[in-house]
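Trainee: Given chain A, put chains B, C and D in place with the hints provided.
4 protein chains.
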Amino acid sequence: MTQQLPATMSQSLFDSRADAIADAARQLAALGWTPATSSNFSMRVDDEHAAITISGRDKGHLGRDDIMLIDLHGHAVGTTARPSAETALHTQVYRRWPEMTAVLHTHSRTQSVASRLYAARGTIQLQGWELQKAISGYTSHDSVLEIPVFPNTQHMPDLVAQVDAWLDAGKPLHAYLIDGHGIYTWGRDIAEARRHLEALEFLLECEMDLRRLSS
Amino acid sequence: MTQQLPATMSQSLFDSRADAIADAARQLAALGWTPATSSNFSMRVDDEHAAITISGRDKGHLGRDDIMLIDLHGHAVGTTARPSAETALHTQVYRRWPEMTAVLHTHSRTQSVASRLYAARGTIQLQGWELQKAISGYTSHDSVLEIPVFPNTQHMPDLVAQVDAWLDAGKPLHAYLIDGHGIYTWGRDIAEARRHLEALEFLLECEMDLRRLSS
Amino acid sequence: MTQQLPATMSQSLFDSRADAIADAARQLAALGWTPATSSNFSMRVDDEHAAITISGRDKGHLGRDDIMLIDLHGHAVGTTARPSAETALHTQVYRRWPEMTAVLHTHSRTQSVASRLYAARGTIQLQGWELQKAISGYTSHDSVLEIPVFPNTQHMPDLVAQVDAWLDAGKPLHAYLIDGHGIYTWGRDIAEARRHLEALEFLLECEMDLRRLSS
Amino acid sequence: MTQQLPATMSQSLFDSRADAIADAARQLAALGWTPATSSNFSMRVDDEHAAITISGRDKGHLGRDDIMLIDLHGHAVGTTARPSAETALHTQVYRRWPEMTAVLHTHSRTQSVASRLYAARGTIQLQGWELQKAISGYTSHDSVLEIPVFPNTQHMPDLVAQVDAWLDAGKPLHAYLIDGHGIYTWGRDIAEARRHLEALEFLLECEMDLRRLSS
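Chains as they are written, first to last, in my numbering: chain A, 1 to 215; chain B, 1001 to 1215; chain C, 2001 to 2215; chain D, 3001 to 3215.
A couple of the hints might just be wrong.
Stated by the list, open to error - Examples of chain A residues toward chain D, derived with CB under 10 Å:
{"no.": "1", "residue": "Ala134"}
{"no.": "2", "residue": "Arg194"}
{"no.": "3", "residue": "Cys206"}
These aren't lab readings, by the way, just hints derived from the structure by calculation. For glycine and all other residues, C-beta sits at the position ideal for the given N, C-alpha and C.
Looking at chain A on its own, in the form it has when it is part of the complex:
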């Protein structure tokens, strides 16, 4: 499957994004956070485009050919490859925050189980953990870090609308869980997005351990 780039986009720019996505995917797959070809990853390429993983590929063995170009409405650009159904959740981030350049969506066991446990309440509130400081903007363990848990659906526009509603209500958002499904988080660069993902996985694990041991 050949990827044709727009005339205004250099091959080396696209390739650098594709390589960064594939690197991140391999490392997250090695942690077991992308079971059975699940999960997807993207990076902004310019004001109008992003690079994203092609649907259904094994995330532990991605190369440049497994990454495709889309516009910020989720349409394939210069390729017949099919973007993931969940592409709309990536482009939503790029459209709402011009400074965000990387979106990571994984499916770890911890993320899946936490989403089920807290689905009825609708949010997970983290407080008292030093590692909350790994989330940009947080400077103390005393702050409250709130992660919403949205109901799962196979109809993407409903998910997009839930995220929009949260943001339109003026609430801070650094990541969200989808019930029975996984996590979405992002960053101003891929290092920040990965730091957020790593810290959130750790915090969710700690919170569930504490729940298990306190009962």
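Mentor: Positioned in the frame of chain A, the structure of chains B, C and D alone reads:
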């Protein structure tokens, strides 16, 4: 131990199946799913034969010499090697579904414990997990994925009869657990069989975590 | 520290035992079963001698120089190195069973916790697990595999006496736990000893998972 | 960022400390004990100086350039790099115990959760574990090993004062936890500090497993 092939079977065909089995076995052993020489793996070679692991070998270090040929009634073909006692459960799959070409049987701690927990009920019903979509034919987390748990026995014909009875009752079957023992699953190719196995391990882990944390 | 061998023992015989011990130790250390320089391993060399790990070495990085010769009463032979205080538990196995040639003692978290949990009862009884068949002499999941848990003491003769008392009462013994401490198991060759150790770790994990989830 | 050394300090001395710190950090990061750029590590260089990790670096990929020199009051020496806010907890150890040469601070999930669980009680008392003998000065599982849990604060002088108060009360101290945060431990050389850290992680895991299973 020398493996003689039937005149109608090419060496390269058998070797390709043996290599695919050994590769899968090494990777599953590295995950800790084949403790203490347990587990067995097979692939269909043609309409009348399958290749299967020889009993008692360390699944982390298989080579072509650890794979033998059997007919679809479980008899050794062209070798004095002894197939596993559980061979009958592999050939049953190949006889009932002409399109199935790979059967994987592992013994992970998760599979063993889940089988004990749900043995009295006789089935595990999975619902609400996005990863159910990794099982061929499932397109929504809302579907119910039912995995039967059959009582263990050292008498193989009884196990074969339990599986036949389930299928003869017209119930769907993508995998089954044996109480205190492990899981069997299969696929139209070995990639599908591995995706099923990986997804089921993940789903069983999640289900047990949820049970532990919800109580 | 130089190891002088008795005139009747070939260097190559000692070296082969030392290498087998170091290999096993490295692999068990990689699993996290030998935390903080704990654990010890030995192999019979001949009717009167065994090779054993020198006390206090990091089990993940053993070489031939970390293995010493002892007689079957636990005295150093041909070296000024100090054998572990627990050497008496190794030589007891070699004296009581002429056919046993390898003894493994590890300290995994599972072994340590299981020993505390079952110390008051004095034994762990395993039943219903297919993997019991990995213990030599067991042919069915229906059998009962009983592992005694002895109280811990820093006075080795008391531990030796407890094991002797169990055996003198005519009870079968394939392994034992020491409370808060770890496991001892053995085999007719090191492959059997390792299979026993791997199967027992798995069975203890499963039994504790089942206890946690059934409550 | 260039590190200028005092005239009295050889480059090779500083480099050997920096390499030992980077080695330890890489190995502890590989265990998952330093999530999301957290944790810090130091070694004494001479009577007046220590080498310490520069704040915010990924602990899995440290080189000599990620280590800086400080005096024993926590001020940067010969560099414009910023030492971690928690540097004061390292220099406190070097000032109070002239024989201590290495301090390790990590953030594992086990350490974080244990600190939350025992924060209200203020200490964790370990007893009955053979591995307590891995802590220098302990010769029996019967001894009590007490690890204080101090409240977390973003104001370092308060933490330093809590540690001083514990020590000034004449209580033994081999390590301490900070609530929701992690562990500090140390040793006369880096091997001792790592043995302490490894043993404490193991003991905290065992203690929490026992609590979970005994309830």
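Trainee: Which numbered hints turn out to be false for this structure?
Mentor: none
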